[in-house]
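A.B. asks: Heads up: the sequence shown is residues -26 to -1, 1 to 288, going by mature numbering (1 follows the signal peptide of the UniProt record, and there is no 0).
Simulated from the structure, these hints should not be mistaken for lab results.
The C-beta atom is built at its ideal place from N, Cα and C for all residues, glycine as well.
Just to be clear, a hint being listed does not mean it is correct.
Said to hold, decoys possible - Capping the alpha-carbon separation at 25 Å, the derived lysine to any residue pairs in SDA-like fashion look like this:
#1 Lys211 - Pro287
#2 Lys211 - Arg227
#3 Lys211 - Asp248
#4 Lys211 - Ile286
#5 Lys211 - Ala160
#6 Lys211 - Ala175
#7 Lys211 - Gly267
#8 Lys211 - Thr108
#9 Lys211 - Arg173
#10 Lys211 - Asp225
#11 Lys211 - Arg230
#12 Lys211 - Arg256
#13 Lys211 - Thr268
#14 Lys211 - Thr176
#15 Lys211 - Asp257
#16 Lys211 - Thr251
#17 Lys211 - Ala184
#18 Lys211 - Gly174
#19 Lys211 - Ala193
#20 Lys211 - Asp241
#21 Lys211 - Arg185
#22 Lys211 - Arg272
#23 Lys211 - Asp259
#24 Lys211 - Gln238
#25 Lys211 - Asp151
#26 Lys211 - Ala264
#27 Lys211 - Gly239
#28 Lys211 - Ala149
#29 Lys211 - Ala150
#30 Lys211 - Asp45
#31 Lys211 - Ser231
#32 Lys211 - Arg180
#33 Lys211 - Asp182
#34 Lys211 - Thr128
#35 Lys211 - Val273
#36 Lys211 - Ala190
#37 Lys211 - Gly194
Unchecked claim - Label pairs and their calculated CB-CB ranges:
#38 Ala184 - Arg288: 34 to 40 Å
#39 Gly129 - Ser10: 36 to 42 Å
#40 Thr268 - Leu65: 25 to 31 Å
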Amino acid sequence: MKRAWLALAAALVLGAAATVYMTHTAASTPAAPPTSLRGGQLYFRDGGGQVASVSPADPDGSRQRSGLRCDRFAAAWPTAVCLTADVTNGLPATTAVILDRDLRETRRLQLAGIPSRASVSPSGRMVAWTVFVTGDSYSQGGFSTWTGILDTRTGYVVTNIENIHLYLNGGRHHAADVNYWGVTFADDDTTFYATVSTRGATYLVRGDYARWEARAVLAGVECPSLSPDATRVAYKKPASGRVPWRLAVLDLRTLRSVDLAEPQGVDDQAIWLDTRTVAYARDGDVYALAADGTGAPRVLVRDATSPTPPLIPR
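Throw the hints in and build the complete structure from the sequences for me.
C.D. replies: What follows is the structure, given as structure tokens:
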């Protein structure tokens, strides 16, 4: 009982930390890193946590290192987000730094919790992140997540989207245990997909940022990633035995899924290299794999995590 009260108190303090320490600073420009975002490049974190890039056509070629260190990184031209673990008043915290095409800081957000996921909409306008506020793994019971969205054009930020109007089974759903994670955006900067958990079940939801609502699409879909043509979602699904997660791709029109040819467990939010290929981190390397269930995984970039889709200047 004492442990339960301590956990509850910690969660309450974490919530207060996110509210009190959420800041927006027109921070002074830090020293410029040695590189900027470059079109056509695949960005990732190397083994030391530094953001680097390679050409997708020559992933074994020389790496361009940025000098920027992150625990989670995401980018889409001309915006990037860097999440780093921190401590605030003795509690786990996350610093989210928004960066422009020259990797110069434009905004800094102080959040509660541990960095988990990050994404940027294809236009670079919308930025999303997920942090753990209790626990440190999806596989552990009792975890809680906070997912936020920032509109870089208006400057408006929502630190936790749990109050978005949620519809399950055709009706409005209200529950105290609603958790969102793994946002992925469409081209229109208002449509997004994410995972929601409530009452012991997880669902893929289609969100509408402008209408501030999210509607369940299918149960059992976690960490979605929308394809460039917006017709499919790559995701991870619970498995059994020694492998807790499997990768699959869902056709959003038919709601039929195909399991991908990855025999190992993958606890990552995949990205799309193109309309036929996904990439993801596993065992310290980034792999590429056909999105139709054929073939076999191949190492794309060694000693790497947190890959981004190849940047397309607009």
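A.B. asks: A separate judgement is required for each hint: does it hold in the structure or not?
C.D. replies: Structure-based check of each hint:
1. Proximity of Lys211 to Pro287 is assessed by CA-CA distance (about 33 Å); at most 25 Å being required, the pair is judged violated.
2. For a cut-off of 25 Å, the pair hint linking Lys211 to Arg227 stands: about 19 Å separates their Cα positions.
3. The straight-line distance between the Cα atoms of Lys211 and Asp248 is roughly 22 Å, inside the 25 Å bound, and the hint therefore holds.
4. Taken as a hint, the Lys211 and Ile286 pair is broken in the structure, with Cα atoms around 29 Å apart against an allowance of 25 Å.
5. Pair hint Lys211 plus Ala160 holds up; C-alpha atoms about 21 Å apart against a cutoff of 25 Å.
6. Taken as a hint, the Lys211 and Ala175 pair is honoured in the structure, with Cα atoms around 12 Å apart against an allowance of 25 Å.
7. As the CA atoms of Lys211 and Gly267 are separated by approximately 15 Å, the hinted pair is consistent with the 25 Å bound.
8. Taking the CA atoms of Lys211 and Thr108, the gap is about 22 Å. The hint holds against a cut of 25 Å.
9. A hinted pair counts as satisfied when its Cα atoms are at most 25 Å apart, and Lys211 with Arg173 qualifies at roughly 18 Å.
10. Proposed proximity of Lys211 and Asp225 is supported: the alpha carbons are some 15 Å apart, at most 25 Å.
11. Note on Lys211 and Arg230: the hinted pairing holds, with a Cα-Cα distance of about 14 Å set against a maximum of 25 Å.
12. For the suggested pair Lys211 and Arg256, the alpha carbons sit about 15 Å apart, so the restraint of at most 25 Å is met.
13. Restraint check: the Cα-Cα separation between Lys211 and Thr268 comes to about 18 Å, which is no more than 25 Å; the hinted pair holds.
14. Between Lys211 and Thr176 the alpha-carbon distance is near 10 Å, which keeps this suggested pair within the 25 Å criterion.
15. About 18 Å separates the Cα atoms of Lys211 and Asp257, which keeps this hinted pair within 25 Å; it holds.
16. Proposed proximity of Lys211 and Thr251 is supported: the alpha carbons are some 18 Å apart, at most 25 Å.
17. For the hint linking Lys211 to Ala184, the alpha-carbon distance of about 29 Å lies beyond 25 Å, and the restraint is violated.
18. Pair hint Lys211 plus Gly174 holds up; C-alpha atoms about 15 Å apart against a cutoff of 25 Å.
19. Under the criterion of a C-alpha separation no larger than 25 Å, the hint pairing Lys211 with Ala193 is consistent with the structure, at around 10 Å.
20. Restraint check: the Cα-Cα separation between Lys211 and Asp241 comes to about 9 Å, which is no more than 25 Å; the hinted pair holds.
21. For the given pair, Lys211 sits about 28 Å from Arg185 by alpha-carbon distance, which is inconsistent with the 25 Å threshold.
22. With a CA separation close to 21 Å, the supplied pair Lys211 and Arg272 stays within the 25 Å bound.
23. Straight-line distance between C-alpha atoms of Lys211 and Asp259 comes to about 21 Å, which keeps the hinted pair within the 25 Å bound.
24. Between Lys211 and Gln238, the direct Cα distance comes to roughly 13 Å. Compliance with the 25 Å bound is thereby established for this hinted pair.
25. The hinted pair formed by Lys211 and Asp151 meets the criterion: a straight-line CA distance of about 20 Å does not exceed 25 Å.
26. Of the pairs offered as hints, the one joining Lys211 and Ala264 holds, with about 17 Å between alpha carbons and a cut-off of 25 Å not exceeded.
27. Proximity of Lys211 to Gly239 is assessed by CA-CA distance (about 10 Å); at most 25 Å being required, the pair is judged to hold.
28. Of the pairs offered as hints, the one joining Lys211 and Ala149 holds, with about 23 Å between alpha carbons and a cut-off of 25 Å not exceeded.
29. Proposed proximity of Lys211 and Ala150 is supported: the alpha carbons are some 24 Å apart, at most 25 Å.
30. The suggested pairing of Lys211 with Asp45 holds, with an alpha-carbon distance near 24 Å, which does not exceed 25 Å.
31. For the proposed pair Lys211 and Ser231, the alpha carbon gap of about 11 Å is at most 25 Å, so the pair holds.
32. Among the hinted pairs, Lys211 with Arg180 is consistent with the structure: their alpha-carbon atoms are about 17 Å apart, no more than 25 Å.
33. With a C-alpha separation of about 24 Å, the suggested pair Lys211 and Asp182 falls inside the 25 Å cut-off, and the hint holds.
34. In summary, the hint linking Lys211 to Thr128 is not supported, as the alpha carbons are separated by about 35 Å, beyond the 25 Å threshold.
35. Only pairs whose Cα atoms come within 25 Å are accepted, and Lys211 paired with Val273 is accepted, the gap being roughly 22 Å.
36. With a C-alpha separation of about 16 Å, the suggested pair Lys211 and Ala190 falls inside the 25 Å cut-off, and the hint holds.
37. Simply put, Lys211 and Gly194 have alpha-carbon atoms about 6 Å apart, close enough for the 25 Å limit, and the pair holds.
38. At roughly 21 Å, the beta carbons of Ala184 and Arg288 sit outside the given window of 34 to 40 Å.
39. A hinted range of 36 to 42 Å for the beta carbons of Gly129 and Ser10 is inconsistent with their spacing of about 23 Å.
40. Separated by about 46 Å at the C-beta atoms, Thr268 and Leu65 break the suggested range of 25 to 31 Å.
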